[in-house]
Amino acid sequence: MEEAILKARAEELKPPVTSVGVIGWARNNLFNGWFNSILTLITLFFLLKTVPPLVQWAFIDSMWHTTGLACRGAPGACWSIIYTNFRFIIFGFYPYAQQWRPLLAMMILVGLLFYSRDRTHWNKYLGYGWPMGLAVMGLLMKGGLFGLTPVESTQWGGLPLTLLLSVFGLTAAYPLGVILALGRQSKMHGVKWLSVLYIELIRGVPLISLLFMSSIIFPLFLPEGITFNKLLRAQVAIILFTAAYIAEVVRGGLQGMSRGQYEAAESMGLNYYLTMRLVILPQALKIVIPPTVSILISAFKDTSLVVIIALWDLLKTTQSVLSNPEWMGFSREAYLFIAIFYFLGCFSMSNYSRKLERELSREN
Amino acid sequence: MEDTLTHKVPFWLDPKKRSIIFQVFVFAMVGLLAYYLVSNTLINLQKQKIATGLSFLNKESSFEIGESLIPYSAASSYGRALLVGALNTLKVAFIGIVFTLILGAVVGIARLSSNWLVSKLASLFIEVMQDIPVLLQLFFWYAIFYETLPSPQQALCPIDGLYLCNRGVAFTVPGAHPAYKYMALTLLVGCGLIYVIRRWAKKRQEKTGQFFPVFRVSIGIIVGFPLITWLAFGAPIDMNVPKLVGFNFVGGMTFSPEFIALLLGLILYTAAFVAEVVRAGIQSVSKGQREAAMSIGLRPPLVLNLVILPQSLRVIIPPLTSQMLNLTKNSSLAVAIGFPDFVSVANTTINQTGQAVEGVALIMAVYLIFSLSTSAFMNWYNKKVTLVER
Numbered sequence: 001m002e003e004a005i006l007k008a009r010a011e012e013l014k015p016p017v018t019s020v021g022v023i024g025w026a027r028n029n030l031f032n033g034w035f036n037s038i039l040t041l042i043t044l045f046f047l048l049k050t051v052p053p054l055v056q057w058a059f060i061d062s063m064w065h066t067t068g069l070a071c072r073g074a075p076g077a078c079w080s081i082i083y084t085n086f087r088f089i090i091f092g093f094y095p096y097a098q099q100w101r102p103l104l105a106m107m108i109l110v111g112l113l114f115y116s117r118d119r120t121h122w123n124k125y126l127g128y129g130w131p132m133g134l135a136v137m138g139l140l141m142k143g144g145l146f147g148l149t150p151v152e153s154t155q156w157g158g159l160p161l162t163l164l165l166s167v168f169g170l171t172a173a174y175p176l177g178v179i180l181a182l183g184r185q186s187k188m189h190g191v192k193w194l195s196v197l198y199i200e201l202i203r204g205v206p207l208i209s210l211l212f213m214s215s216i217i218f219p220l221f222l223p224e225g226i227t228f229n230k231l232l233r234a235q236v237a238i239i240l241f242t243a244a245y246i247a248e249v250v251r252g253g254l255q256g257m258s259r260g261q262y263e264a265a266e267s268m269g270l271n272y273y274l275t276m277r278l279v280i281l282p283q284a285l286k287i288v289i290p291p292t293v294s295i296l297i298s299a300f301k302d303t304s305l306v307v308i309i310a311l312w313d314l315l316k317t318t319q320s321v322l323s324n325p326e327w328m329g330f331s332r333e334a335y336l337f338i339a340i341f342y343f344l345g346c347f348s349m350s351n352y353s354r355k356l357e358r359e360l361s362r363e364n
Numbered sequence: 365m366e367d368t369l370t371h372k373v374p375f376w377l378d379p380k381k382r383s384i385i386f387q388v389f390v391f392a393m394v395g396l397l398a399y400y401l402v403s404n405t406l407i408n409l410q411k412q413k414i415a416t417g418l419s420f421l422n423k424e425s426s427f428e429i430g431e432s433l434i435p436y437s438a439a440s441s442y443g444r445a446l447l448v449g450a451l452n453t454l455k456v457a458f459i460g461i462v463f464t465l466i467l468g469a470v471v472g473i474a475r476l477s478s479n480w481l482v483s484k485l486a487s488l489f490i491e492v493m494q495d496i497p498v499l500l501q502l503f504f505w506y507a508i509f510y511e512t513l514p515s516p517q518q519a520l521c522p523i524d525g526l527y528l529c530n531r532g533v534a535f536t537v538p539g540a541h542p543a544y545k546y547m548a549l550t551l552l553v554g555c556g557l558i559y560v561i562r563r564w565a566k567k568r569q570e571k572t573g574q575f576f577p578v579f580r581v582s583i584g585i586i587v588g589f590p591l592i593t594w595l596a597f598g599a600p601i602d603m604n605v606p607k608l609v610g611f612n613f614v615g616g617m618t619f620s621p622e623f624i625a626l627l628l629g630l631i632l633y634t635a636a637f638v639a640e641v642v643r644a645g646i647q648s649v650s651k652g653q654r655e656a657a658m659s660i661g662l663r664p665p666l667v668l669n670l671v672i673l674p675q676s677l678r679v680i681i682p683p684l685t686s687q688m689l690n691l692t693k694n695s696s697l698a699v700a701i702g703f704p705d706f707v708s709v710a711n712t713t714i715n716q717t718g719q720a721v722e723g724v725a726l727i728m729a730v731y732l733i734f735s736l737s738t739s740a741f742m743n744w745y746n747k748k749v750t751l752v753e754r
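Going down the list, the sequences are from chains S and L. At position 17 of the first sequence the residue is numbered 17 (the numbering used here), and the sequence of numbers has no breaks. Quick note: to get the numbering used here, add 364 to the position in the second sequence (first position is 1).
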């Protein structure tokens, strides 16, 4: 009996070669059925037609450290435009000798963001760390204290400006958005009506109209003699715009709270302010972390619109390089380069948001 | 007893009175702020000698607009210029939305394909397009047009009758013939007929359970009616082919590089978001639904029509609406590449007349009307497709 079993085991067959390994994988994932097989072949043909010429253009025939003139007529990409103008594209008109300051500010920002990734690090100290970090960044950019030469905000530009507009925009818009969301959920009809009006009005118009407003009309709003610089005005427009979107996200979180939470807080004798601060908001804001990150992503992308009111963000510095006769005609290379910046920023944020979403759904 | 109790509560502890006081306070603050801003603006405008009001709309605009759906010249009024801009915005939004829906649906379905290659390519497309600002994409496509493509004399000709050059895209359209007008008319009549048939078929099915092939009949009507009209007019086949005259193409239909770049950027960007919406919608219908539908003997098209689509549309439509609105709002970026949309025309008007407040207010009002009417329509449609929970 035992022998029979052993024998049977010895004769156990391996699975056929066509169902495991590379071939099996290809059969299961690329050629399962006639429709998928045709689809695969068409896609492969398309890839063969497009990818090799692209690689040839971008890496093999490309120029890396030449002048603009040498690039003319070359068959490949002219990455020299990036190599030569790198510091201008990144820092704009910031004084050359002082450019370590925006660099340091950006490094602080990235460091803070990186440290905040882990939710176990979210505590009181990080809460103090962020405003301090932002203040240090502002000080580094602006100068004027501790022997740093003052640099006017009209000279700020490039990547630091883009990051500044999006980070400060979101930090300032967040509390405003929460207040608006609470207003929209309020039992007081007047307050509710005002909040709804504001939110729907802002969400109904494009950001560009608010930026126009900030650059053209805002000076008219103020009494004569009082002026704000253009950067601050654009920042205000971005804050007002982002706040309406945050309000809608937070409203989603507030609506997700069960009535029991409100009733429990009420039965403990908490007033409105304490109910919100201790019971509702901590839970509601936690639910809406992932969509809030999406708002941060779109705020980051939307800062590129300030180019239209002639602020020197990353896109504008690139365009100004392109308007230089030496580098005219290499837009593809330049735009691809800054597209990589935006892509890396947004991709890491959206990845993070997906990770958070998984973590949060596991906890609940 | 109750009276004495209410009398004892001081007014700042009575929630009703407190809320009234708070609201009066909020309204007073908002009103004060508005008054302050408006009065400052009026004083400033007076100092700069700018007349307020919309009377400038009747003045002669004296600027040319490259593309227009209605007759327009520099002698026309500012009001007409703005109308041209609004129509251009609508044109971009309409064509953009149609192509975005098609591309978005295709990519969204491809993302869920069991074919590894197709699914990975779709997610690559979604990720890349979502993560690059739409303005940058517009600049990129515009640059591709005016830098990479040759001049009209050496225009690329990938298919017969289609020309690509740095002045735009020129392609062949059927020549003018009265038949086309009647074909459009019969198509409209056909659409009306389809609507009637659908209602009748639904009623009959609910009453008797008999099924009527509405979809096939509809296709037959949509294709057949214009075809019969076309044949009835003796099947005219003269084509309006674009020809190179001097430095530009004449005849056929031409789209400017600005228009193509704007459309391309908006479609690719928004389609990535629509694809994610479609994917989420399809995934929201559980597998059991399909299996249950098949086990009661429905054929695959009916499974899709009666079980999967009604449930996934409910999830898809609200976010889809906001994507369509986003596309319309993002079309305002046309101003950056010089396509004469509403914002761009309004901007020129502001620069020429100095009527900044009115100009920006008009921009906001027009987009608000677009947004509110689109969301009203989509809300109506959404109510129609929402499942009635029993």
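There could be a bad hint or two in this list.
Simulated crosslink set (SDA-like; lysine to any residue; CA at most 20 Å straight-line) [to be verified]:
hint	chain 1	residue 1	chain 2	residue 2
1	L	Lys747	L	Pro674
2	L	Lys693	S	Tyr198
3	S	Lys187	L	Val390
4	L	Lys607	L	Ile523
5	S	Lys230	L	Asn715
6	L	Lys381	S	Lys230
7	L	Lys484	S	Leu41
8	L	Lys484	S	Ser348
9	L	Lys455	L	Lys693
10	S	Lys355	S	Trp122
11	S	Lys286	S	Gln255
12	S	Lys192	L	Pro379
13	L	Lys545	L	Ile586
14	S	Lys14	S	Asn36
15	S	Lys192	L	Lys380
Derived, one-sided and incomplete: chain S residues facing chain L with beta-carbon distance under 7 Å [what the hints assert, rightly or not]:
hint	residue
16	Phe218
17	Leu220
18	Ile340
Simulated from the structure, these hints should not be mistaken for lab results. Being a predicted model, the structure only gives us computed values, none of them experimental. Glycine residues also receive a C-beta, built at the ideal position from the N, C-alpha and C atoms.
Please name the hints from earlier in the document that this structure breaks, with their numbers sorted from lowest to highest. 6, 14, 16 and 18
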